[in-house]
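Going by numbering that gives the first Met the number 0, the first residue of the sequence shown is number 0, and it counts up by one from there.
The hints are simulated quantities; they were obtained by calculation from the structure and are not laboratory data.
Quick caveat, the model's predicted, so the values are computed rather than measured.
Even glycine gets a Cβ: it sits at the ideal position worked out from N, Cα and C.
Treat the hints with caution; some may be incorrect.
[Said to hold, decoys possible] Think about it this way: if two alpha-carbon atoms lie no more than 20 Å apart in a straight line, the pair counts; the simulated SDA-like pairs of lysine to any residue are:
1) 462 / 515
2) 514 / 478
3) 317 / 531
4) 393 / 254
5) 462 / 362
6) 393 / 439
7) 317 / 291
8) 393 / 380
9) 253 / 270
10) 462 / 430
11) 462 / 516
12) 253 / 398
13) 353 / 414
14) 253 / 403
15) 393 / 382
16) 317 / 295
17) 465 / 517
18) 393 / 406
19) 465 / 338
20) 253 / 227
21) 253 / 236
22) 514 / 447
23) 253 / 222
24) 353 / 511
[Said to hold, decoys possible] For each label pair, taking beta carbons as the anchor points, the in silico distance ranges come out as:
25) 119 / 400: 39 to 49 Å
26) 150 / 528: 47 to 57 Å
27) 365 / 229: 19 to 29 Å
28) 14 / 336: 56 to 66 Å
29) 108 / 294: 28 to 38 Å
30) 532 / 506: 21 to 31 Å
31) 294 / 352: 57 to 67 Å
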Amino acid sequence: MKVRLAPSEETLVHLIAVLTAVMGGINFLSGIMPSMQYRLRLLEQYLPFSVTRGGHLTSALAGFALFLLSVSLWRRKQVGWLLTIIILIISVFVHLFKGLDYEEATLAALLAGLLIYLRPYFHARSDAPSMQQGLQVLVAALLFTLLYGVIGFYFLDRHFRVSFGLWSAIRQTIVMFVQFYDPGLQPITGFGRYFADSIYAVGAATLGYASVMLLRPVLNRRPMSEEERQRAWEIVRAHGQTALARYAVLDDKKFYFGANETLVSYVVENRVALVLGDPIGISGNFSSTISSFKSFCASNDWLIAFYQVVPNHLNEYKSAGFDYLLLGQEAIVDVSTFTLEGSENKTLRNGYNKLIRNGYHYDVVQPPFSPRMLQELNTISNEWLSSRGASEMKFSLGWFDESYLNTCPVLLVRDREGFIEAFANIVTEFQNNGVAVDLMRHRAHVESGLMDFLFVSLFMWAKEQKFAAFNLGLSALSGVGELSEDPLIERALHYIYQNVNRIYHFRGLHTFKDKFHPTWSPRYLVYPGAANLPAVSISLLNANLGGSLLSNFMRRSK
0 MKVRLAPSEE TLVHLIAVLT AVMGGINFLS GIMPSMQYRL RLLEQYLPFS VTRGGHLTSA
60 LAGFALFLLS VSLWRRKQVG WLLTIIILII SVFVHLFKGL DYEEATLAAL LAGLLIYLRP
120 YFHARSDAPS MQQGLQVLVA ALLFTLLYGV IGFYFLDRHF RVSFGLWSAI RQTIVMFVQF
180 YDPGLQPITG FGRYFADSIY AVGAATLGYA SVMLLRPVLN RRPMSEEERQ RAWEIVRAHG
240 QTALARYAVL DDKKFYFGAN ETLVSYVVEN RVALVLGDPI GISGNFSSTI SSFKSFCASN
300 DWLIAFYQVV PNHLNEYKSA GFDYLLLGQE AIVDVSTFTL EGSENKTLRN GYNKLIRNGY
360 HYDVVQPPFS PRMLQELNTI SNEWLSSRGA SEMKFSLGWF DESYLNTCPV LLVRDREGFI
420 EAFANIVTEF QNNGVAVDLM RHRAHVESGL MDFLFVSLFM WAKEQKFAAF NLGLSALSGV
480 GELSEDPLIE RALHYIYQNV NRIYHFRGLH TFKDKFHPTW SPRYLVYPGA ANLPAVSISL
540 LNANLGGSLL SNFMRRSK
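With the sequences and hints as input, model every part of the structure.
Here you go:
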């Protein structure tokens, strides 16, 4: 299936959405404007006056609904398409009955016909459990409101000018709930007015909630099976090129399998499918995998973003209709040439030798680990998190999890007595002859220079194991927007890099990594157009923080 939409198709979809919003405005204005008197007199010969008056209210409500539904049409929602057609057909009759407004009725009929003709263009699904919940709420609300109104009108008729029997109470409640015509209700007390208004409030609230649930994008609730996880592992081992490939098979990820065993690892946050890195697999399948994954996401009403992609495939992303911006640079140390010698390494060398003299040493242990050691590492991890007022991050990093740690070597830094003061787990880059570090944690109070000692020890171990490079991870916003010809978004990010160091130590982290003289390799965010960048950014923050921005802010402020 071809994913990149022909301009005529995309233009038609957006045009339909705009026309629906315009039709909503026409309905609303028609509802609040008086009918033409000569048409009204002709109509009143055949229809009750209450119907014509009620038609104005229905027209206004239908206009508001069409305005809301135009957003779902822009997103190609199947349910939105169906609801829009239903409301347009109702609008045709409403416009005719409220004042022989055949102009508005004709426009509504033409728009409904155009929507029916363009049915194949509206293919985005809504979340099935949410739709079921919305329908259940709607039915429950109808039954509750019916019972609530009938009992109220039947027993509270002294608050109204009309004396209600059982059937008239049922009829009055239904009329008020659906509001197809003016019920002519005349409360004579304050409580009567309150009771009547409460029925309107129940109707508006429940219908609004049901609409939201009916149009909700698909939520990916299905857990990955053991067979799918095993299949993903096999693809990563065979084709993984970066440290991100290891995080691609962690438990927070969902998997999409493209042609010829290609893997897309993603999470869904706020209607955005966030892909970690590039698709993993044979490079010749890259474009087809992006195309098929784009179709899959479109059917679920998801936007797509690819996080921390390498420069190799930027043109292919661009051809698929995406934009991209520089996120920062990864620090990659050539361990084969790494040394502590030379004047430029004097501070690093002196700090390392000082800790050696004080009895510090390291050892690298292989899994499986003993429960006792894991418990000690967990204690250190909790101390480290508490000292920073932080919580575990996810998505583009690992987190302290015993099953995860039991899949990779761990470097331990021990003091003179042999107690563990710091640790780091080591992640391989599979088909690349390189390794990376993920969790780097130490006790709350340690000797100065301990983290320098840890990293130097990591490089020495990697060199002994004949690895070519050690990846220190992303230095966020490093090298972004430094030139006047860089895109405006990147120059704005550069301002953040220069001036918002108090919130997140971008520059401090870059300086720390730079002391090891790495090569800097750019990493990019691929996203679906500037208009969607705010939504993508918020979703990325949520995914990396392992929760909503609000919950993390509250946690940090305690």
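Problem - Violations among the numbered hints - result: none
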